[in-house]
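Participant: Protein chains in written order, with this note's numbering: chain L, 1 to 282; chain S, 1 to 158.
Treat the hints with care, as some may be off.
Claimed, not checked - In silico SDA-like cross-links for lysine to any residue, where the CA-CA straight-line distance does not exceed 20 Å:
| id | chain 1 | residue 1 | chain 2 | residue 2 |
| --- | --- | --- | --- | --- |
| 1 | L | Lys150 | S | Gln122 |
| 2 | L | Lys201 | S | Gly40 |
| 3 | L | Lys201 | S | Val24 |
| 4 | S | Lys27 | L | Lys201 |
| 5 | S | Lys81 | L | Lys123 |
| 6 | L | Lys107 | L | Leu87 |
| 7 | L | Lys201 | S | Ser129 |
| 8 | L | Lys201 | S | Leu126 |
| 9 | L | Lys50 | S | Gly40 |
| 10 | S | Lys27 | L | Gly41 |
| 11 | L | Lys150 | S | Leu126 |
| 12 | L | Lys150 | S | Gly40 |
| 13 | L | Lys50 | S | Leu126 |
| 14 | L | Lys74 | L | Ile52 |
Stated by the list, open to error - So the derived list for chain S, only partly shown, Cβ under 7 Å to chain L, looks like this:
| id | residue |
| --- | --- |
| 15 | Pro21 |
| 16 | Phe26 |
| 17 | Arg36 |
| 18 | Asp39 |
| 19 | His48 |
| 20 | Val51 |
| 21 | Gly56 |
| 22 | Asn64 |
| 23 | Val67 |
| 24 | Ala84 |
| 25 | Ile91 |
It should be emphasised that the hints constitute simulated quantities derived from the structure, not laboratory data.
Heads up, the beta-carbon is just placed ideally off N, CA and C, and yes, glycines get one too.
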Amino acid sequence: MTSLRDIKRRIANVSSTGQIIKAMDMVASTKLQRVRAQLEGVRPIYFELKRIVEGLAGEEEAAAHVFYRERDVKNSLYIIFTSDHGLSGSYNANILAAALEHMEQGKNEKIIAVGYKGYEYLKKKGKNIIRSVIDVADAHVYYGSESLAKLLVELYLSGEVEEVFIAYTHFETVLSYVPYVERILPVSAGVINKTAENGRKYEPDLHTYIDHLIPLYLHMNVFRAFSESHTSEQASRMVNMDAADKNAREIIEELTRMYNRKRQAGITQELNEIVGSANFFE
Amino acid sequence: MAEQQNNFAHKRKINLQITTPRGVKFKEEADMIIMRCIDGDLGVLAGHAPVSTVLGDGILRIFNNGVEKKLAVFGGIAEIKDRAVNIFSTIAQRPEEIDLERAERDAREAEAILLEQSEEVQVHSLRVSLRRSLVRIEVSLHLEEEKFTEDDEEDEES
Numbered sequence: 001m002t003s004l005r006d007i008k009r010r011i012a013n014v015s016s017t018g019q020i021i022k023a024m025d026m027v028a029s030t031k032l033q034r035v036r037a038q039l040e041g042v043r044p045i046y047f048e049l050k051r052i053v054e055g056l057a058g059e060e061e062a063a064a065h066v067f068y069r070e071r072d073v074k075n076s077l078y079i080i081f082t083s084d085h086g087l088s089g090s091y092n093a094n095i096l097a098a099a100l101e102h103m104e105q106g107k108n109e110k111i112i113a114v115g116y117k118g119y120e121y122l123k124k125k126g127k128n129i130i131r132s133v134i135d136v137a138d139a140h141v142y143y144g145s146e147s148l149a150k151l152l153v154e155l156y157l158s159g160e161v162e163e164v165f166i167a168y169t170h171f172e173t174v175l176s177y178v179p180y181v182e183r184i185l186p187v188s189a190g191v192i193n194k195t196a197e198n199g200r201k202y203e204p205d206l207h208t209y210i211d212h213l214i215p216l217y218l219h220m221n222v223f224r225a226f227s228e229s230h231t232s233e234q235a236s237r238m239v240n241m242d243a244a245d246k247n248a249r250e251i252i253e254e255l256t257r258m259y260n261r262k263r264q265a266g267i268t269q270e271l272n273e274i275v276g277s278a279n280f281f282e
Numbered sequence: 001m002a003e004q005q006n007n008f009a010h011k012r013k014i015n016l017q018i019t020t021p022r023g024v025k026f027k028e029e030a031d032m033i034i035m036r037c038i039d040g041d042l043g044v045l046a047g048h049a050p051v052s053t054v055l056g057d058g059i060l061r062i063f064n065n066g067v068e069k070k071l072a073v074f075g076g077i078a079e080i081k082d083r084a085v086n087i088f089s090t091i092a093q094r095p096e097e098i099d100l101e102r103a104e105r106d107a108r109e110a111e112a113i114l115l116e117q118s119e120e121v122q123v124h125s126l127r128v129s130l131r132r133s134l135v136r137i138e139v140s141l142h143l144e145e146e147k148f149t150e151d152d153e154e155d156e157e158s
């Protein structure tokens, strides 16, 4: 039987955990606001650039460019976005599962792991991690993604990898985020441009144009994937902390009830004893 | 410049839209736009042929109803259509957003290091930094002298 003191201690324990949960919930929700604003900012430029880049795939001359041409694939590069910290529910498990499933299609993979959780998991799995990006401060995400984009262009052009995939969690609403694995290099023609603009010219020439366009596009792509993942992470954490907060309150309620009942039982018993012994002496 | 184009294009405006990673930054009508591309300046009036071009570091000059606006735009691409110009760039700054003191300091520092013997690798990034600072300074000064219609800028980059 648990004593009154034990129950009291447990209540204190749960409520202090509850306070930590509440604090984390608040941190996650303010962070969510911020990263969400960042995400909303980068989405328009990303989608516009994506439209331009994929539209170009329809042009014959562009299709021969190194960023568009399909090559025999020996090595595939994966950039996998996970979080640095835990307590975000199934967020990391989902994206890692999606990435692993994709790799199992007979890929010879090289991995750039972004986020500590993914790095640790993939290392344990014995995957070929060529670079890890861990603990990026929020303010450095933009420049971090620029150098990441530069790195993958280097790897791609030097022939170390023949295709590049990006695995990130797409943020839809606060309650729904979907893991995606997308191929970003070579650029595959999206929906072949229905609105084929005839006679569009490129200055100074198409090749120079693509040489400038693709790095910008990749930078925005990586930055966006970063923001999408980050937003999903914070949303996921917030939702999970909300649930944990609710659970903590339920436990406290139950324990308090138990405590009161026990206290009452004790008082009743004492009263009975007093009355009983008083009767005995009469 | 403004009078010349009024003769034939006063009814036709260009819809200019500048998109940066912070969202759609600038959306306005214009009579004429002059942008700095990697191989020189390019002026655009309404009804331009469809062209896509690569932007360099420089000043984007927007003329509307005889008023000139200047923006600092660093790199990116421009998509020109018949009646619209879409610019996608990582940095586009209005004069009021530029920290003049900082730009001047950056320019001085870059210049000072460039004058000394420096590493080959650094030179490129220093040149970029210097060029961007100078563009920022010029755009920023434009804010204070907006009433002057005379255009007496010097091309510091050549």
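Participant: Tell me, which hint numbers fail for this structure?
Facilitator: 3, 4, 5, 6, 7, 8, 9, 12, 13, 14, 16, 17, 19, 21, 22, 23, 24 and 25
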